[in-house]
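Listed below, chain by chain, are the residues.
4 protein chains.
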Amino acid sequence: MINPKYTVESLNQLGANNMGSHIGMEFTEIGEDFLCAKMPVDHRTTQPFGLLHGGASCVLAETLGSVGSLCYVDEEKYSVVGVEINANHLRSAKSGFVYGKATLLHGGKKLHVWDIKITNEEGKLICISRLTVAVLPKGA
Amino acid sequence: MINPKYTVESLNQLGANNMGSHIGMEFTEIGEDFLCAKMPVDHRTTQPFGLLHGGASCVLAETLGSVGSLCYVDEEKYSVVGVEINANHLRSAKSGFVYGKATLLHGGKKLHVWDIKITNEEGKLICISRLTVAVLPKGA
Amino acid sequence: MINPKYTVESLNQLGANNMGSHIGMEFTEIGEDFLCAKMPVDHRTTQPFGLLHGGASCVLAETLGSVGSLCYVDEEKYSVVGVEINANHLRSAKSGFVYGKATLLHGGKKLHVWDIKITNEEGKLICISRLTVAVLPKGA
Amino acid sequence: MINPKYTVESLNQLGANNMGSHIGMEFTEIGEDFLCAKMPVDHRTTQPFGLLHGGASCVLAETLGSVGSLCYVDEEKYSVVGVEINANHLRSAKSGFVYGKATLLHGGKKLHVWDIKITNEEGKLICISRLTVAVLPKGA
Chain A
96 MINPKYTVES
106 LNQLGANNMG
116 SHIGMEFTEI
126 GEDFLCAKMP
136 VDHRTTQPFG
146 LLHGGASCVL
156 AETLGSVGSL
166 CYVDEEKYSV
176 VGVEINANHL
186 RSAKSGFVYG
196 KATLLHGGKK
206 LHVWDIKITN
216 EEGKLICISR
226 LTVAVLPKGA
Chain B
96 MINPKYTVES
106 LNQLGANNMG
116 SHIGMEFTEI
126 GEDFLCAKMP
136 VDHRTTQPFG
146 LLHGGASCVL
156 AETLGSVGSL
166 CYVDEEKYSV
176 VGVEINANHL
186 RSAKSGFVYG
196 KATLLHGGKK
206 LHVWDIKITN
216 EEGKLICISR
226 LTVAVLPKGA
Chain C
96 MINPKYTVES
106 LNQLGANNMG
116 SHIGMEFTEI
126 GEDFLCAKMP
136 VDHRTTQPFG
146 LLHGGASCVL
156 AETLGSVGSL
166 CYVDEEKYSV
176 VGVEINANHL
186 RSAKSGFVYG
196 KATLLHGGKK
206 LHVWDIKITN
216 EEGKLICISR
226 LTVAVLPKGA
Chain D
96 MINPKYTVES
106 LNQLGANNMG
116 SHIGMEFTEI
126 GEDFLCAKMP
136 VDHRTTQPFG
146 LLHGGASCVL
156 AETLGSVGSL
166 CYVDEEKYSV
176 VGVEINANHL
186 RSAKSGFVYG
196 KATLLHGGKK
206 LHVWDIKITN
216 EEGKLICISR
226 LTVAVLPKGA
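Protein chains in written order, with our numbering: chain A, 96 to 235; chain B, 96 to 235; chain C, 96 to 235; chain D, 96 to 235.
Simulated from the structure, these hints should not be mistaken for laboratory data.
Certain hints may be false.
Each pair may be met inside one copy or between any two copies, as identical chains are not told apart.
To be verified - List of simulated lysine-lysine pairs, DSS-like, C-alpha gap at most 25 angstroms:
no., residue 1, residue 2
1, Lys-172, Lys-100
2, Lys-204, Lys-219
3, Lys-172, Lys-205
4, Lys-204, Lys-100
5, Lys-133, Lys-100
6, Lys-212, Lys-172
7, Lys-233, Lys-205
8, Lys-219, Lys-172
9, Lys-219, Lys-233
10, Lys-189, Lys-204
11, Lys-212, Lys-133
12, Lys-233, Lys-189
Please read these numbers as outputs of a predicted model, since none were measured by experiment.
Using the sequences and the hints, build the whole thing.
See the structure below:
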């Protein structure tokens with residue numbers, strides 16, 4: 096279960112000075128086995144033709160899954176690291192926000208696997224991604 | 096073969112007001128079947144613990160492959176769109192730059208597949224990615 | 096919608112003399128946007144240590160998605176071809192059957208994307224896969 | 096380095112009664128950081144239209160990478176398990192053999208990543224795959 100000490104506010108603080116905030120990402124909801132964030136579609140996240148950059152979707156997906164894993168482990172003992180990500184880009188997005196939700200598919204002792212779905216303002220699926228996270232004992 | 100009208104300069108101009116430049120990416124070399132760019136490891140591209148964000152590697156990989164495909168097709172007739180990306184994160188990076196090189200593995204009429212390797216300042220592989228790009232007739 | 100002319104029986108006939116039947120796979124259910132099959136865990140599908148071969152899960156996933164796509168298109172006009180597959184192996188299986196269900200995530204004109212989940216006898220997820228299928232006009 | 100006790104003969108013996116031999120796969124060469132096998136394109140490995148089944152390519156890729164990892168670790172202490180596989184199918188194959196070569200991209204203590212390329216009789220690339228293998232202490 097996600098560590099109850101984590102809140103949307105504390106997670107947004109954690110990422111206040113790096114890529115997440117630099118591209119406008121914000122956590123919006125956290126639950127027992129899921130984590131949500133939104134991301135703007137603007138000059139910070141688009142490719143040269145004004146569409147959402149596929150890589151931006153990956154940043155959202157990888158952030159959600161790896162921060163999700165961080166919330167699941169005992170951080171005094173373990174660190175987490177993204178091992179593999181894959182994503183299918185299904186639709187384009189031109190403006191507004193996109194919304195990502197990561198759901199834990201498999202929470203093993205050594206590996207977590209997350210399903211991440213990203214939808215547009217109309218709720219249509221624009222990207223589906225899967226992230227594999229390794230859970231590593233600290234100091235090992 | 097990559098359209099000779101494209102140069103490192105024109106590609107950097109193309110991306111001057113969007114995600115690529117926002118996170119500091121720069122094209123550095125273009126060849127017959129490859130394209131290279133570098134990306135800084137700083138607050139624009141790191142995760143909360145100061146390491147290169149895996150999603151940043153995906154932005155670099157997806158940029159290289161999809162811009163590479165753009166350079167291969169007759170743009171009056173075709174547009175290109177990233178369909179699927181996958182990436183393994185092999186090592187972390189903390190500072191300096193990382194260097195991406197995309198090489199065309201398969202240049203079909205409808206699909207391109209790119210291999211993208213990202214290395215650190217010491218030339219060690221930190222990420223390997225593969226991007227599938229669809230080539231679509233304009234107006235279809 | 097899946098072409099109603101396809102039935103579990105006709106699909107099992109279609110694959111009667113090739114890899115699917117050779118490894119014991121059988122279609123079990125077909126619906127509006129899904130397709131199911133089962134596969135035995137025995138010498139036909141295991142690796143040297145007696146566990147289900149990860150590649151066997153890929154055969155099941157790729158069969159379900161590509162046959163699913165076949166059922167969706169007008170076969171007089173289109174053929175379908177698997178473009179990219181990915182899979183996470185989550186649990187091992189030693190005996191009995193495993194059960195695969197493919198659900199269409201995205202049914203575009205040129206590309207289909209399928210989510211395929213494989214479960215064991217207890218209903219636990221052992222593999223999750225995603226397949227990208229290209230829909231190609233015949234004779235093009 | 097691959098354990099010198101492994102030979103093409105011993106590896107073919109290891110897989111004599113399971114999926115590998117059932118579909119006709121044979122190891123052909125083993126080297127310091129690579130492993131090769133061939134696979135027939137016939138009723139054991141084709142889909143209903145007589146082409147090589149994409150899943151068969153995955154079986155070849157996953158076999159090569161996971162057996163490769165097995166040859167790298169001290170088997171008294173560690174076991175290896177395929178975690179994630181992905182593959183792009185680039186060309187079809189109708190007859191003869193296809194040839195797979197797995198090359199170790201990353202040989203970490205806990206994770207191995209393999210690049211697997213499959214070519215046809217003319218040496219053309221028909222499939223490219225990447226396999227992530229977890230190295231697990233026995234008894235843990």
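If the cutoff is 25 angstroms on CA atoms, where do Lys-233 and Lys-189 land: within, between, both or neither? Let me know, please. Between copies only: 18 angstroms across, 42 angstroms inside.
Original post:
25 angstroms Cα cut-off: does Lys-189 pair with Lys-204 within a copy, between copies, both or neither?
Top reply: Intra 40 angstroms, inter 21 angstroms, cutoff 25 angstroms: inter-copy only.
Next on the checklist: When Cα atoms must be at most 25 angstroms apart, do Lys-204 and Lys-100 count as within-copy, between-copy, both, or neither?
Outcome noted: Within one copy, since 21 angstroms is at most 25 angstroms while 32 angstroms is not.
Practice task
Using 25 angstroms as the alpha carbon limit, work out where Lys-233 and Lys-205 are close: within a copy, between copies, both or neither.
Solution key: both (13 angstroms within a copy, 14 angstroms between copies)
* **Copy assignment of Lys-133 with Lys-100, given that the CA separation must stay at most 25 angstroms** => For Lys-133 and Lys-100, the Cα distance is within 25 angstroms only inside one copy (21 angstroms; across copies 38 angstroms).
inquiry  = With identical chains, the pair Lys-204 and Lys-219 could be close in the same copy or across copies; at 25 angstroms between alpha carbons, which is it: within, between, both, or neither?
reply    = This pair counts as between: shortest inter-copy Cα distance 17 angstroms, intra-copy 34 angstroms.
**Prompt:** Checking Lys-172 and Lys-100: alpha-carbon separation at most 25 angstroms within a copy, between copies, both or neither?
**Reply:** Answer is within: at 16 angstroms inside a copy they meet the 25 angstroms cutoff, but 38 angstroms across does not.
Are the CA atoms of Lys-212 and Lys-172 at most 25 angstroms apart within a copy, between copies, both, or neither?
-> Intra 30 angstroms, inter 32 angstroms, cutoff 25 angstroms: neither.
**Request:** Measure nothing new, just compare the shortest in-copy and cross-copy C-alpha distances for Lys-172 and Lys-205 to 25 angstroms and report within, between, both or neither.
**Result:** both (13 angstroms within a copy, 17 angstroms between copies)
request  = Could you place Lys-212 and Lys-133 in one of the four classes (within, between, both, neither) given a Cα distance threshold of 25 angstroms?
outcome  = within (12 angstroms within a copy, 27 angstroms between copies)
(message) For Lys-219 and Lys-172, with the copy left unspecified, which applies at a CA distance of at most 25 angstroms: within, between, both, or neither?
(response) neither (39 angstroms within a copy, 28 angstroms between copies)
- Query: With identical chains treated as interchangeable, where does the CA-CA distance between Lys-219 and Lys-233 reach 25 angstroms or less: within a copy, between copies, both, or neither?
  - Reply: Between. Shortest inter-copy distance 24 angstroms satisfies the 25 angstroms Cα cut-off; intra-copy 40 angstroms does not.
Going through the hint list in order, the structure does not satisfy hints 6, 8.
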